[in-house]
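Residue numbers (my numbering), protein chains in the order written: chain A, 517 to 726; chain B, 61 to 446.
None of these hints come from the bench; they were simulated from the model.
In this text the structure is predicted, and so the values were computed from the model without any measurement.
Note that the Cβ used here is the ideal one computed from N, Cα and C, for glycine as well.
Some hints here could point you the wrong way.
Unchecked claim - Going by beta-carbon spacing under 8 Å, a handful of chain A positions derived as facing chain B: (1) 704; (2) 712; (3) 714.
Claimed, not checked - Taking lysine-lysine pairs in the BS3-like style, the calculated list, with each CA pair at most 27 Å apart, reads: (4) B/247 / A/697; (5) B/369 / A/697; (6) A/697 / B/372; (7) B/242 / B/369.
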Amino acid sequence: MMLVEGFLLGLASGGACLTYCAPVLVPYLLGEGRTVRAGVVPVAGFLGGRLAGYLVFAILAWLAHSAVSETMPHQKVIFAVVTIGLALLLIVYGFAGRERHCQVAAGVAANPSRRSFLLMPVSLGFLTGVNVCPPFLLAFSRAAQLSHLWQSLLFFAAFFVGTSAYVAPLPLAGLACRSEKIRVVGRLAAGVVGLFYLYSGVVTMIAAVH
Amino acid sequence: MAQSDSRVRRLVKAIALTLPLALLMAMMITGGRPAPTETRQLIGMMVAYVFTVGIFFLIVFTGRTHRYRSALFIGYAVSFVLTFIPGLIETRGSMAVTQSDMIQGQTPFCHMVIPTTLIPAAVSRTIIFPGSMLEGFASIGTMLVLWLGASVALGRGWCSWVCFYGGLDEGFSRIGRKPILKNISRKWTYLPFAILVAIVLLSAATLSPMYCAWLCPFKAVTEFEAVTSSIILVQTIIFVALFAGLVVVGPILTKRRTQCGLFCPMGAFQSFTNKANIFDIRVDPDKCVQCGRCETSCPTFSIDRETIKKGKTRMTCTKCGRCVDECPKGAVSFHIKGTPVGVRSQIARMAFVYPAFLVLAIMGSGMISVAVYRLLLLATTGSLVQ
Numbered sequence: 517m518m519l520v521e522g523f524l525l526g527l528a529s530g531g532a533c534l535t536y537c538a539p540v541l542v543p544y545l546l547g548e549g550r551t552v553r554a555g556v557v558p559v560a561g562f563l564g565g566r567l568a569g570y571l572v573f574a575i576l577a578w579l580a581h582s583a584v585s586e587t588m589p590h591q592k593v594i595f596a597v598v599t600i601g602l603a604l605l606l607i608v609y610g611f612a613g614r615e616r617h618c619q620v621a622a623g624v625a626a627n628p629s630r631r632s633f634l635l636m637p638v639s640l641g642f643l644t645g646v647n648v649c650p651p652f653l654l655a656f657s658r659a660a661q662l663s664h665l666w667q668s669l670l671f672f673a674a675f676f677v678g679t680s681a682y683v684a685p686l687p688l689a690g691l692a693c694r695s696e697k698i699r700v701v702g703r704l705a706a707g708v709v710g711l712f713y714l715y716s717g718v719v720t721m722i723a724a725v726h
Numbered sequence: 061m062a063q064s065d066s067r068v069r070r071l072v073k074a075i076a077l078t079l080p081l082a083l084l085m086a087m088m089i090t091g092g093r094p095a096p097t098e099t100r101q102l103i104g105m106m107v108a109y110v111f112t113v114g115i116f117f118l119i120v121f122t123g124r125t126h127r128y129r130s131a132l133f134i135g136y137a138v139s140f141v142l143t144f145i146p147g148l149i150e151t152r153g154s155m156a157v158t159q160s161d162m163i164q165g166q167t168p169f170c171h172m173v174i175p176t177t178l179i180p181a182a183v184s185r186t187i188i189f190p191g192s193m194l195e196g197f198a199s200i201g202t203m204l205v206l207w208l209g210a211s212v213a214l215g216r217g218w219c220s221w222v223c224f225y226g227g228l229d230e231g232f233s234r235i236g237r238k239p240i241l242k243n244i245s246r247k248w249t250y251l252p253f254a255i256l257v258a259i260v261l262l263s264a265a266t267l268s269p270m271y272c273a274w275l276c277p278f279k280a281v282t283e284f285e286a287v288t289s290s291i292i293l294v295q296t297i298i299f300v301a302l303f304a305g306l307v308v309v310g311p312i313l314t315k316r317r318t319q320c321g322l323f324c325p326m327g328a329f330q331s332f333t334n335k336a337n338i339f340d341i342r343v344d345p346d347k348c349v350q351c352g353r354c355e356t357s358c359p360t361f362s363i364d365r366e367t368i369k370k371g372k373t374r375m376t377c378t379k380c381g382r383c384v385d386e387c388p389k390g391a392v393s394f395h396i397k398g399t400p401v402g403v404r405s406q407i408a409r410m411a412f413v414y415p416a417f418l419v420l421a422i423m424g425s426g427m428i429s430v431a432v433y434r435l436l437l438l439a440t441t442g443s444l445v446q
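Let the hints inform the model, and build the full structure from the sequences given.
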């Protein structure tokens with residue numbers, strides 16, 4: 517029952533989840549310029565990273581329940597640090613070392629080792645996963661009512677599966693990005709999104725410190 | 061003798077083509093109403109009328125498009141600022157828009173927000189802009205209809221013939237004789253598309269018009285949110301910095317329209333309408349001598365060696381006509397898609413310029429008329445507002 521509840525909550529709010537993930541994932545997919553088939557790997561990496569982020573929150577939700585009245589200590593600082601980390605990753609990807617990234621992509625095409633290739637989407641997925649969006653708060657508050665850690669973990673895993681249904685079509689972005697021009701646009705867009713998140717993170721940090 | 065005959069023929073042709081426009085403009089500028097009795101308003105109207113009709117006559121008579129279009133385009137943009145700001149002060153008492161104005165949907169809608177409202181609206185059926193759909197000044201519906209019609213007719217020609225901001229950076233790009241900054245990496249010409257992708261995604265995520273809220277340089281000369289918090293203060297600093305950098309300093313240093321060519325997401329969005337528009341600019345490879353004057357003069361970085369080889373411009377071309385004017389061999393011309401390149405190019409030019417100029421003249425003459433009136437008001441009363 518708890519699994520169904522988590523899955524349905526994810527399915528019902530996945531559209532909103534997608535709008536929060538899209539500014540990070542879509543520029544990245546455009547920037548990498550792959551075929552639909554090859555696009556599945558970074559999306560899977562992103563989802564894997566996001567799942568890891570969700571499971572971290574599952575543990576925190578369970579801890580929040582254990583502590584009953586305590587909310588997460590320094591939660592604003594944590595979110596600010598995460599947002600700044602995400603922003604810096606996007607800015608570096610978008611504006612610095614663009615040729616290097618192209619070479620990595622080219623190297624991956626020739627080399628079956630995908631470790632370096634997966635690092636970026638997994639990191640982006642994890643940092644997006646440990647950020648807060650409205651559907652996520654719903655899941656967090658429900659998970660906080662569960663008595664066992666494993667229940668909380670399963671609830672978030674089911675929630676993740678439900679929301680992922682909306683992310684699944686994103687490898688289709690590969691259809692649009694076979695041109696180098698679109699890859700340049702995608703990378704620059706990631707940098708622009710990163711600048712906005714950097715501002716957002718810094719403002720959150722200042723508010724948290726004060 | 062033959063030269064004199066040719067000049068007379070051009071004069072007759074120019075008068076014949078200008079006459080219908082002059083009649084149409086007389087109707088449009090008066091709005092079918094009797095001439096105003098207030099002298100300053102009458103002078104403003106007459107100046108606007110003579111200026112716009114005179115510009116069109118020169119475009120037809122001299123065969124030069126950009127030189128004269130530019131004069132009207134810059135006058136239109138400056139007049140927009142001179143009309144809009146005093147208008148806001150008269151109605152609101154300030155250039156600042158308050159939270160109350162926004163809640164009541166009284167924020168004027170401008171075309172720059174179209175990409176961030178249109179795409180999320182298609183997905184979520186929600187217009188994320190604090191303006192009115194149909195009522196009042198500059199409603200969302202009116203601007204969308206105007207944009208749609210002009211886009212079908214002109215494609216990205218919108219940016220050089222309709223946009224009331226474009227003339228500002230075009231004006232600053234005319235200051236100085238030679239560019240100081242010449243080598244701008246081509247990768248930065250993709251930045252407007254990147255900003256477009258970013259703001260559309262972020263607007264959908266935050267349900268707010270991101271460009272309008274954070275990046276529009278023209279807020280500095282139109283309206284801005286009343287500074288009531290540190291966030292709005294930061295936004296205001298960004299607007300002013302972007303205006304100074306992209307609309308004033310950038311064009312002076314590069315002699316290009318840096319805001320339009322390197323930043324504007326609306327321009328990037330508008331580029332896609334060029335694909336559906338029947339007019340384009342083509343290069344005749346048989347006449348081209350590879351002098352590169354079109355490349356170095358293009359205000360929006362829309363033509364380079366690579367595109368010249370293909371005989372066309374990039375999709376970002378705003379059809380301002382500068383490359384056509386600059387080409388010493390007449391190799392660059394206006395063109396109707398599906399017709400042979402370089403054949404009857406004057407017909408193609410007039411087929412594009414006539415409707416494009418009409419839109420510019422109708423929009424511009426009204427603003428020039430009011431701007432002249434405001435300046436006369438300033439000269440006679442010491443104030444731009446009544």
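Task: Violated hints, by number in ascending order, as checked against the structure - done: Going through the list in order, the structure violates hint 3 alone and respects the others.
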